[in-house]
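From first to last, the protein sequence lines stand for chains A and B. Residues 951 to 1337, numbered by our numbering, are exactly what the first sequence covers, in order. Residues 951 to 1337, numbered by our numbering, are exactly what the second sequence covers, in order.
Check each hint, because a few of them may be wrong.
Repeated chains share a single entry, so a pair holds when one copy, or any two copies, can fit it.
Straight-line Cα separation of at most 30 Å, DSS-like style, residue types lysine-lysine; simulated pairs [claimed, not checked]:
id, residue 1, residue 2
1, K1000, K1331
2, K1116, K1307
3, K1116, K977
4, K1310, K1079
5, K1180, K1076
6, K1006, K1179
7, K1079, K1271
8, K1158, K1135
9, K1322, K994
10, K1179, K1310
11, K1076, K1331
12, K982, K1135
13, K1179, K1158
14, K1158, K1180
None of these hints come from the bench; they were simulated from the model. Computed from a predicted structure; not experimentally measured.
The primary structure of each chain is shown beneath.
Protein chains: 2
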Amino acid sequence: MLNFDYSIPTKIFFGRDKIDVLAENVKNYGTKVLLVYGGGSIKKSGLYDKITNIFKNNEISYWELSGVEPNPRVSSVRKGIEICKDNKIELILAVGGGSTIDCAKVIGAGYYYDGDAWDIVVDSSKINKVLPIASILTLAATGSEMDAGAVITNLETSEKLATVHKDMAPKFSILDPTYTFTVPKNQTAAGTADIMSHIFEVYFSNTKEAYLQNRMAEALLKTCINYGKKAIDEPENYEARANLMWASSLAINNLLSYGKETEWSVHAMEHELSAFYDITHGVGLAILTPHWMEYALNDNTVNNFVEYGVNVWGLDPSGDKYEIAHNAIKRTREYFVLLGIPSSLSEVGIGEEKLEKMAKQATVRGNLGNFKPLAAQDVLKIYRAAL
Amino acid sequence: MLNFDYSIPTKIFFGRDKIDVLAENVKNYGTKVLLVYGGGSIKKSGLYDKITNIFKNNEISYWELSGVEPNPRVSSVRKGIEICKDNKIELILAVGGGSTIDCAKVIGAGYYYDGDAWDIVVDSSKINKVLPIASILTLAATGSEMDAGAVITNLETSEKLATVHKDMAPKFSILDPTYTFTVPKNQTAAGTADIMSHIFEVYFSNTKEAYLQNRMAEALLKTCINYGKKAIDEPENYEARANLMWASSLAINNLLSYGKETEWSVHAMEHELSAFYDITHGVGLAILTPHWMEYALNDNTVNNFVEYGVNVWGLDPSGDKYEIAHNAIKRTREYFVLLGIPSSLSEVGIGEEKLEKMAKQATVRGNLGNFKPLAAQDVLKIYRAAL
Chain A
951 MLNFDYSIPT
961 KIFFGRDKID
971 VLAENVKNYG
981 TKVLLVYGGG
991 SIKKSGLYDK
1001 ITNIFKNNEI
1011 SYWELSGVEP
1021 NPRVSSVRKG
1031 IEICKDNKIE
1041 LILAVGGGST
1051 IDCAKVIGAG
1061 YYYDGDAWDI
1071 VVDSSKINKV
1081 LPIASILTLA
1091 ATGSEMDAGA
1101 VITNLETSEK
1111 LATVHKDMAP
1121 KFSILDPTYT
1131 FTVPKNQTAA
1141 GTADIMSHIF
1151 EVYFSNTKEA
1161 YLQNRMAEAL
1171 LKTCINYGKK
1181 AIDEPENYEA
1191 RANLMWASSL
1201 AINNLLSYGK
1211 ETEWSVHAME
1221 HELSAFYDIT
1231 HGVGLAILTP
1241 HWMEYALNDN
1251 TVNNFVEYGV
1261 NVWGLDPSGD
1271 KYEIAHNAIK
1281 RTREYFVLLG
1291 IPSSLSEVGI
1301 GEEKLEKMAK
1311 QATVRGNLGN
1321 FKPLAAQDVL
1331 KIYRAAL
Chain B
951 MLNFDYSIPT
961 KIFFGRDKID
971 VLAENVKNYG
981 TKVLLVYGGG
991 SIKKSGLYDK
1001 ITNIFKNNEI
1011 SYWELSGVEP
1021 NPRVSSVRKG
1031 IEICKDNKIE
1041 LILAVGGGST
1051 IDCAKVIGAG
1061 YYYDGDAWDI
1071 VVDSSKINKV
1081 LPIASILTLA
1091 ATGSEMDAGA
1101 VITNLETSEK
1111 LATVHKDMAP
1121 KFSILDPTYT
1131 FTVPKNQTAA
1141 GTADIMSHIF
1151 EVYFSNTKEA
1161 YLQNRMAEAL
1171 LKTCINYGKK
1181 AIDEPENYEA
1191 RANLMWASSL
1201 AINNLLSYGK
1211 ETEWSVHAME
1221 HELSAFYDIT
1231 HGVGLAILTP
1241 HWMEYALNDN
1251 TVNNFVEYGV
1261 NVWGLDPSGD
1271 KYEIAHNAIK
1281 RTREYFVLLG
1291 IPSSLSEVGI
1301 GEEKLEKMAK
1311 QATVRGNLGN
1321 FKPLAAQDVL
1331 KIYRAAL
């Protein structure tokens, strides 16, 4: 186990009707709020009215940034910063999924930065201070509700980059599983794949003897497998939605990665897909993951895949190692198919054309990962296998 | 899954030589420290010198409360409060295991309380404010390094009671597994049993569909089982000590209990044993646990024990339910024996004499638990089975 510093400061209010705590928690930071949301589903669901009524009844003033994109763009961030500066906003409340929360985080960081917002995405060391962020989650997927990271897309440069600062972690997040009852099947599936991918990125690692972390990772993977399909088949199954929602937060709040060297290579490869083609992040991850697994499988890594197959999929440990490993990967692929996710790049409209360019771009900051280090030509092979 | 509010504010600095962060973290709270420790093992190990040198080199003044007992007594708490008041202490640093940290916590709470310290143990609602607490852990067991609870013994009244206040959670704790290399075999065994008991108390629950929490509990139980014996056989095995140490914190920092109704009936029963006989807490827990399990096993609970047997001990799920359940309990008992822990009350000098009195005392605040509610006569039966 490697040394680590543990700090997970986000407070979580979890469960039905937890929105009751909104006003008092907002007021810990001020009474001037920027409400950040996406395409308007929160208006259809009634959540928007609920929140704005709470604000009105508690003398909280609010401004709005709506229309944040599924892969949130730096242009939205810039707009948000302007509203914050013009109105001396004291708290940014994101209502939605990870994109909305990510956008809010970088608005909060950009508020205190003098240059252009894209600078602090490219180089997080330029972030010094962040306006307080809070969130009300409506989609179990990215874990942004309990972590310090954000991913922002720049369409002008076809770049999609992650930035991290400890003060971007939400001060509090409200997780009411009923808010995810209306999430469509395909988004539920993509969200589940996203959660699983976050776990895979830290589970498959060079670090030996992170036994505790690995068993916890398996616990969360089993949770996703147990409830992903159920949530699709029974959208109002509270327990399915609750387990997935809590898994989304715990998968990437560092609990699983403390003490380990971690990968994040599939995320880096996927970010190019959604930067170039604007596809759903979770779908890209689900398509790439089994191909990355097959590519990463070798004599150094086979035991990790055996452990995965036996502990997560319940495979018989007595067989041939490679057979177990391949079988585990097959089960992974089949599960994503069961969730209704496309299993090839061509199904989502991605062909050979830009693969080389994307592979180069994915490795522009250096080789990906350590478990199986990937240079541009490796990434290209994985993209091609996934076509 | 039940509603919950998640807040785990303690920062953890985990790993070799993490004591390097001590001075800067102390100084976040002040420069006048009360150092609380036990019987002097930290002097033998050199840790005392290391800490006091750091204080001297960083202009941190310190006072000392030494000799804190394994079941910390309210008399020690009173002494500590006096030192804090006389010297306007700004931070209390506990160095040791759970007893030392528990004592520090109640000193911190008592500092701001006008009456006698025992009042705030009996009734935690009397706690309003707490001096900042920090810890350097030298024994993996109670989890006090990352939770808000403390257990204090009053020898005059033969009471051992738990008290909780959110501000008693340490601001930071330093967890260096090498500090546990010198923990004797019997204390390593008792500590492991203590960790496992914390997990059992929240794992066996009436709450249905806390799937995620249950899988995580199993992850931690497997960690204890994988490393407990190893740490006894190879006291300087870093990975064994590290996994046990981190398990001790995560077992009881609420991560496993959020969203669940929990038990704590074995702890309540054990507190009477160590209040009346001053035995090691973990030993008492290990003796009582298998008997509590057998007593709690019935048609309502058998599925929980089957899940435990299959997921933790790898038992074949296809057999008769009760057979699996009994087998799981047998494996639990055998594991504690393997660790070298006595398996009956008589082995630790406890006879029939005070059993009735203790059973009455254990239930003085009401029946214990909900999974299998225990009245005084039930507790008595469990004590007798354990004789």
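Can you list which hints this structure breaks, lowest number first?
Violated hints: 1, 2, 4, 5, 6, 7, 9, 10, 11 and 12; rest satisfied.
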